[in-house]
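**Q** Sequence:
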Amino acid sequence: MTTEFQSTLINVRTTLLFITLLFTFFNQHILSQTDSTDANTEQIIYDLLQESTIEGDNEDIYGILEDLSINPIDLNTAELSELQRVPGLTALFSSIIIEHRKKVGAFFSINELYLIEGLPKEIVEKVKPFLTVVHQNITDETNFEEIFKTLWDGWSESVKLSVRSRIINDIQERRGFTENKFEGSSPKIYNRFLFNYGGLIDAGLVAEKDAGEKSLNEFTSFHFAVKNYGIIKTFALGDYTLEFGQGLALWSPYAISKGTNAIYPLKRKSKMINPYKSTNENNFFRGAAVTIAYHAFMISGFYSNNFFDANIDSVSRSILSTPIDGFHRTENEIGKKRSARETLYGARVDFVDPNDNINAGILFYSSKFSSPFLQEAPFDLSGDEFSYYSIYYDLYFGRINVFGESAFDGRSIASLVSASFTLDRNFSFVTLVRNYPRNYRNIHSFAFGENPGATQNEFGIYTGFQWRTFLGEINFYFDQFKFPYATFENPLPSSGNEFLFDLRSKPINKIETNLRFKYEKKEVTEKIENLASLLPRLRQAIRGEITYEVSNKLRLRSRLEFISYHLDEMNIKEKGLMAFQDVRFSPLQNLSINGRIILFQTDSFNSAVYEYENDLQGILSNVALYGTGIRWYLMIKYKPLKFISLSAKYSETYKPLESKLGSGFSEINNNVDNKVSFQAEINF
1 MTTEFQSTLI
11 NVRTTLLFIT
21 LLFTFFNQHI
31 LSQTDSTDAN
41 TEQIIYDLLQ
51 ESTIEGDNED
61 IYGILEDLSI
71 NPIDLNTAEL
81 SELQRVPGLT
91 ALFSSIIIEH
101 RKKVGAFFSI
111 NELYLIEGLP
121 KEIVEKVKPF
131 LTVVHQNITD
141 ETNFEEIFKT
151 LWDGWSESVK
161 LSVRSRIIND
171 IQERRGFTEN
181 KFEGSSPKIY
191 NRFLFNYGGL
201 IDAGLVAEKD
211 AGEKSLNEFT
221 SFHFAVKNYG
231 IIKTFALGDY
241 TLEFGQGLAL
251 WSPYAISKGT
261 NAIYPLKRKS
271 KMINPYKSTN
281 ENNFFRGAAV
291 TIAYHAFMIS
301 GFYSNNFFDA
311 NIDSVSRSIL
321 STPIDGFHRT
331 ENEIGKKRSA
341 RETLYGARVD
351 FVDPNDNINA
361 GILFYSSKFS
371 SPFLQEAPFD
381 LSGDEFSYYS
391 IYYDLYFGRI
401 NVFGESAFDG
411 RSIASLVSAS
421 FTLDRNFSFV
431 TLVRNYPRNY
441 RNIHSFAFGE
451 NPGATQNEFG
461 IYTGFQWRTF
471 LGEINFYFDQ
481 FKFPYATFEN
491 PLPSSGNEFL
501 FDLRSKPINK
511 IETNLRFKYE
521 KKEVTEKIEN
531 LASLLPRLRQ
541 AIRGEITYEV
551 SNKLRLRSRL
561 EFISYHLDEM
571 NIKEKGLMAF
581 QDVRFSPLQN
591 LSINGRIILF
601 QTDSFNSAVY
611 EYENDLQGIL
621 SNVALYGTGI
631 RWYLMIKYKP
641 LKFISLSAKY
651 SETYKPLESK
661 LGSGFSEINN
671 NVDNKVSFQA
681 EINF
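Residues 1 to 684 in the numbering used here are what the sequence shown lists, from first letter to last.
Hints are computed from structural coordinates only; laboratory data are not their basis. A few of these clues could be false.
Calculated lysine-lysine pairs in the DSS-like style (CA-CA distance at most 25 Å, straight line) [what the hints assert, rightly or not]:
#, residue 1, residue 2
1, 506, 188
2, 518, 482
3, 655, 126
4, 214, 271
5, 181, 214
6, 214, 506
7, 160, 128
8, 655, 573
9, 181, 660
10, 227, 128
11, 675, 188
12, 126, 271
13, 553, 518
14, 675, 181
15, 121, 553
16, 128, 214
17, 675, 126
18, 639, 128
19, 227, 188
20, 482, 522
21, 506, 126
22, 188, 660
23, 126, 482
24, 227, 160
25, 510, 482
26, 102, 126
27, 126, 642
28, 271, 102
29, 522, 553
30, 214, 188
31, 128, 103
32, 655, 639
33, 655, 553
34, 160, 642
Given only the sequences and the hints, what does the whole structure look like? Please build it.
**A** So this is what it looks like as structure tokens:
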């Protein structure tokens, strides 16, 4: 055992000792809290994310929904747009809830939702983890002296403290360690402390080191926010993100895109100013931001001065690229750390109709970088100073919702417009048109599209519906898109289309079935006789899944998935097959055991099969399986006390036909890739 690794373990033990002392000291002030990783919440997250083909742990996107479960929306104060942030709450269902509140008065219990006519029971079951009923004791006249007196006197009623520590370690050594290329030790370590007082004060600290990095606090993020105090809607100090409209001009560095749910992902649900709690080390803001509510208007101002990773040209001092992986393991990666700076300021004005029929807003912000961007392609970002203007709208005409945004970067206008129609409680329909010009350039945008986050060089039309029938719930979408100009990936203009059909049904009690078919046809550039040619690439996937709730203690899930990949002009025809058996067993109320074994065989990475799997709270892993092999994992979650959660996971991928796994510094000189993870979480 190396000295560095021993030092790391000592630091981890010290952290855990501090946590133990902390919760022992406050053991008489513990709040009971619903576990945000209950089966219902996990299933919702799973459904929204499982169509993604981006490999990784998806901590950022998971955090959106986890934050909703930790800080649920208050039914007594929520506006129409706020309720629609909850997966499953369409514009119709959100309107029904608000109308009930107007007629009957404030909610006294979340279970009142079951009594509302027009709100299906299954929808209530899905949305309950993200909603709450708060009996607010703080008024506009409450001063800070009274707030902190109340905080002290009513500690057990209003204060939430959360401490989370996590360590993940590969068992096999990767090439970066065997060749001494990495500066630090192998464990990936994460620590987070959150404080919340009655939804009024939100503060926190996050520290993380990746595998191979040297310092335990290689990345540190902090935030402090005050919400709903007098005319102050939100005041944020430290690290935060900004969200506006549909993400064409300004959005956080993550968002949910196309998935099994054909309706929910299309409409961005802006939180305006949001404290930053993630470990994505780039593309957030550091400074101050405030939103003030004045009658039907909300006026916001923001300022940020933040460093980010960049590859700087040694001669011209221009920015060549902006790495987003956040790795600082090697001498080269460390040289890029926080090597460029962005200074940003701006303002926005939002109008919120008291009757929730009209929401609209305008935005302006200016951004200046410490070094200019070097333009390598005709439509790449160039220069060091940029300004953006945008306008968004969100209109309701009965059961029709029209929303969109247009953004101007000084050269071109990017636009998106969508209309959704809710016929009744069982049927919803949506269509969306987006047009992102080739010369629209913005590193802070994250609009809906075929390439999420790349709001450039794309025109597309999306149509989808969600229909609850006697057979079950059907989700369907058809998306057609084109990229009018050449890109780095495709040196020729290209186009494509895809559709997805998903049927989830419950033929008998305790058994749920899921049938899904996805078809994707894209034009890709390939070389034929040294000439670039545009060829159609076809990828199809069909999946069948059965979930059987044997009892309250045992759940079984089985899946079979087949992949077909064709590039006919090059005589490439590939297949992929994956089957898994998943078991969740809860022998005790405070103990849960999850296990899964996966068999897979694909011809290459082209026909890879992606599977989301359960992980430590805060992580939802998306694993790409290709080649021939077996993957399995076992995870245990244990709550020795109602305020403390312990979890551990062991996972292993075995490929018998391979001698090495991975590539570059991540290469393993073996055909086994396995790791172990531990996490402790305490909630007061």
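**Q** Quick one, are residue 227 and residue 160 close enough, alpha carbons at most 25 Å?
**A** Holds, at about 15 Å.
**Q** Need the status of pair residue 518, residue 482: alpha-carbon distance at most 25 Å?
**A** 19 Å, holds
**Q** Run the distance test for residue 188 versus residue 660: straight-line Cα separation, threshold 25 Å.
**A** Roughly 22 Å between the alpha carbons, so the hint for residue 188 and residue 660 holds.
**Q** Is the Cα-Cα distance between residue 121 and residue 553 25 Å or less?
**A** Distance ~23 Å between residue 121 and residue 553 Cα, so the pair holds.
**Q** Can you confirm whether the C-alpha distance between residue 675 and residue 126 stays at or below 25 Å?
**A** Answer violated: residue 675 to residue 126 is near 33 Å, above 25 Å.
**Q** Would you mind confirming whether the straight-line C-alpha gap from residue 181 to residue 660 stays at or under 25 Å?
**A** 19 Å, holds
**Q** Taking 25 Å as the top limit, are the C-alpha atoms of residue 126 and residue 482 close enough?
**A** Between residue 126 and residue 482 the Cα gap is close to 36 Å, so the pair fails against 25 Å, i.e. violated.
**Q** Does the structure keep residue 181 and residue 214 at a Cα separation of 25 Å or less?
**A** Given that 25 Å is the threshold and the Cα spacing comes to 12 Å, the pair holds.
**Q** For the pair we were handed, residue 675 and residue 188, check the Cα-Cα distance against 25 Å.
**A** At roughly 11 Å apart (the allowed maximum being 25 Å), residue 188 and residue 675 satisfy the hint.
**Q** Is the Cα-Cα distance between residue 126 and residue 642 25 Å or less?
**A** Holds, because 23 Å separates the two Cα atoms, which is no more than 25 Å.
**Q** Under the criterion that the straight-line Cα-Cα distance not exceed 25 Å, is the pair residue 655, residue 639 satisfied?
**A** 35 Å, violated
**Q** CA of residue 655 to CA of residue 573, is that 25 Å or under?
**A** 22 Å, holds
Hint violations for this structure: numbers 1, 3, 4, 6, 13, 16, 17, 19, 23, 25, 29, 32 and 33, all remaining hints satisfied.
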